[in-house]
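Can you make the complete structure from the sequences, with help from the hints?
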Amino acid sequence: MKTSEIITVVTGLPRSGTSLMMQILNKSNLEILSDGVRERDINNPEGYFELEAVKGIVKDNAFLNMAVGKVVKIVVPLPVFLDKSHSYRVVFLRRDIEEILRSQEKMLNKDQTSEREKFRTIYEMHLKKTYSFFDLHKIPYINISYKELISDRENELKKIVDFLTISTPLEELMTAINSDLYRNKVN
Amino acid sequence: MKSKKNKVLLVGWDSADWKIIDKLMANGLMPAIKSIVDNGVRGKLATIDPPLSPMLWTSMATGVRPFDHGILGFVEPDGKGGVRPVSSYSRKVKAIWNMLSIEGYKSNVVGWWPSNPVESINGCMVSNLFHQEKVGKDIVEIDKWKVPDGSVYPERIIEKLKDLRVHPHEITGNLIMPFVPQAVALDKKQDKRLNVIAKLLAHATTVHATATELMITEPWDFTAVYHDAMDHFSHAFMKYHPPQMKGMADEAYELFKDVVIGAYVYHDMMLERLLKLVDDDTTVMVISDHGFHSDHLRPTHVPQVPSGPAIEHAPYGIIAIKGPGIKKGESIYGSSILDITPTLLSLFDLPIGRDMVGKPLVDIYEKEKEIKYIDSWESIEESGGKIVIPKEHDTDLNDTALQQLIDLGYIEDLNSPHQEAEDYLKGIINENNFYLAKSYATAAKYEEALEILLEIENKAKPDFRILIEIINCAVKTKRFKLAEEYLNFVRKNKLINNAYIDVLESKVQLGLNNPKIAHKLLKSALNENPDALEILLDMGRLLNTMMDSEGAIQSFELIIKKDPDNPYAYHGIGMACLQKGQYEDAISYFLDAIDRLYHYPLAHFHLGEAFALMKMYEPAIKSFEVVETMTQNIPKVYRWLFDLYEIIENQEKTDRYRKLVNYISRGQRKIITGLATEKLEFYIKNLREKAITVVGFDKHLYDFSIDLSRENWLDELDAEYAFVPLNYLPSLNGFHSYQIYFVESKKEDAMKYVHKINRLKDATIDLGLLNELENQVIVANSWISQQPNIDLIRC
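Protein chains in written order, with the working numbering: chain A, 1 to 187; chain B, 1001 to 1795.
Hints listed in this document are in silico derivations from the structure and should not be mistaken for laboratory results.
All values reported here derive from a predicted model rather than from experimental measurement.
Beta carbons are placed, not taken as given, at the ideal position from N, Cα and C, and that holds for glycine.
Check the hints yourself; a few may be wrong.
[Said to hold, decoys possible] To spell it out: a stretch of chain B is covered by chain A in this simulated footprint if at least three of its residues, at any positions, have a beta carbon under 8 angstroms from a beta carbon of chain A; those stretches are:
| hint | stretch |
| --- | --- |
| 1 | 1441 to 1452 |
| 2 | 1484 to 1494 |
[Unchecked claim] Calculated Cβ distances over 10 angstroms to all of chain B for the following chain A residues:
| hint | residue |
| --- | --- |
| 3 | GLU5 |
| 4 | ILE6 |
| 5 | LEU30 |
| 6 | ILE32 |
| 7 | ASP35 |
| 8 | ALA53 |
| 9 | GLY56 |
| 10 | SER114 |
| 11 | GLU115 |
| 12 | THR121 |
| 13 | ILE122 |
| 14 | ASP135 |
| 15 | TYR141 |
| 16 | ILE150 |
Okay, here's the thing in structure tokens:
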């Protein structure tokens, strides 16, 4: 199948590096589908690259027709509402859940330490459900570690380039990664 | 058009209970049901959790659990920002009347809850809202009383049915006198309880009149009549039922003590009439969805939570069947409400869906019955009846029927501004999701239940029922940190009493393999609530885990003394007998448990193990195969079946189960275990020196490096061997097979090892510790000997 007929989905839990991945892919030859409604802020200085319509995917997934041949960000667990009549390939961002929780707390400016296990469990379940969906519908995906993307960006980016058959030079893609942004890491 | 020679009449009495019926039959007050019992079979019908009528009667009519049939609770969102009484729109699967319609049989269905709007079945259908006499909070006068749209199919029968309806205003004091002998002296306007009786009598009489009319004037193969009145009578008046409850005023007791008896007798009179309308070739089945506590088990107060009245329900309803080919004067055991549809299908010689959870009650038949199966009735394209009003048009009935549910105390009143209405709707959705989660948990689908519970839980508006269920599901899925997080919240906010917190914490501690702490907590909870059956049950189970079989039996026997039908207590004693190697006794107790609750996979599983250990291979196989039909959550079943078929040399089945074992198997793991001693430490260090990877401890054998309480640690094991302390062996799951290297040591050496770590002198003798260590070895050996997936190598 031609790349122009496939929807490329960037997914992962919120704060797992999905926006960073969109920034990287924005440097590539792939076309991004976003609407700029959510503006850049201190938590994502380079921007989120989101599409507002994705939030309504449960009731209406018609926006996917516009995403054919493009890259769209759909955070976990929303990919389970993908329209099965399209073809997909998925870049799945993975990050230590502890780091995700800390990052979310910081973003929300809220101490959720007394609810860490609740959110950890919900996120684990969402991940499981999303992977099961991809497996069930034979949707190809690649796991990309946020940590590796920062610490070993060349190798991690190579994986993405191979998976998505990107023609843009690696050096160009690497410029999107600013390791200063890797905060909230678990030592 | 097919026509069945032997018709089937199904009568549903919501909440009917043998405890009351038996007394009334003995006094000659219920001759109709007695004639069925004497000339047919009788049994208890186990309910399912949560015991809420619309969910249960839909399970009765479909053979599947609520998470499959879609009916959840008493009300549902109407899709337009409001709520409506739970309706036939929400049912996701075919009901028995659809299956019969597909096969060309004619049905009359009257009053089923929920059945509004009705469906265009092959026959007649009158919904549970046909007899509603209210618009909002107001009662409509008789001359303005319309037949609600969508409550009757086909329309041609409306004319002959509408005047059969009895309005509550037609129920005079004289008619109430059999229930309340002093009714005439009471002021009906002042005492609302008389109005309740009038309303329930009117409803029951309407249902009865409709059913008899259809039975007489319409051709039918199957008639189903459902009465909700007995349940409503019981909720309103069981507190006055003899013996007089503590705190009940004498005057009120004297006035209303006969109401429940009156309700039962009235239902029997209606049944008597129905029996006169059928011939000897008709099979008659009377059922109830749950029982109702009428004795010392009556709760002293009803919790002020949605569906709180359900606390008065008892876990067993009734089933009585008579007809051609049905045994006479016998009892049947182990029936569940899920078995009704499969049994009805078997009466019509129709196939049972393999996707149904229930089973046909083959024990009712005099001769062996051939049972046919299909994969699913859902894969048949024909619907067998479509809902007569398209979803978007259903609006008129909502207020009326909602008010009925508010009057009955099942849902809260809503008379508030817009924002509160939104909160109310959200609350309804959450409530239904809570029932959905409970339905999953009852089927041992804890993961699914937990996911829903975590989504609906709101710490700003804590609901202790949801929080307790989260803790229970977290324990069941071995998420102990999650359970502790919620325990801390519950404790900090004082949402439940301390004794119950102790009980919940004991479950967590047991999961974390701290049985002594768990025991202490349960003991303290029992001190505060010595008669609490649930705590006694937990205590019995814990003592079984701690190999204190005698103590466990004592706890379970106390339960049986108070509640002779408690299946879990019988199962518990069976487990104690199994541990003691008293297999015959164990079998007897497991059978006792199954007699009381057939849908009890663990009881069947342990029955199978007891048979297998007695080398009674055929019954063992039968038991494990029953488990296989009930759940896929006990992977050891497949290993047992593989082993057993290999023993009896059934090659075909051996191959089948080998494939299944391989399919579910997550591979073999090598485990090193034994009492913690220098010998064991040396054994492992020796392996490590040979560059063989062994994980499980760091500095010494008590310095664990793996969190063994995590559910999937075995999946992530990245080493050739794992050290697992003896007392953690039972946490090894059934998805792997194991080579266990049991390094045998003396308990005295194990004591010295503990002393060395604690820097105590070698000579210190701790008898308690020695006992504990000895116990660990006994428990481990006993556990290993009962596992089908272990190769044991003693070193």
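Query raised in the report: Which hints, by number, does the structure contradict?
Result: As far as the earlier hints go, 10, 11, 12, 13 are violated by this structure, in ascending order.
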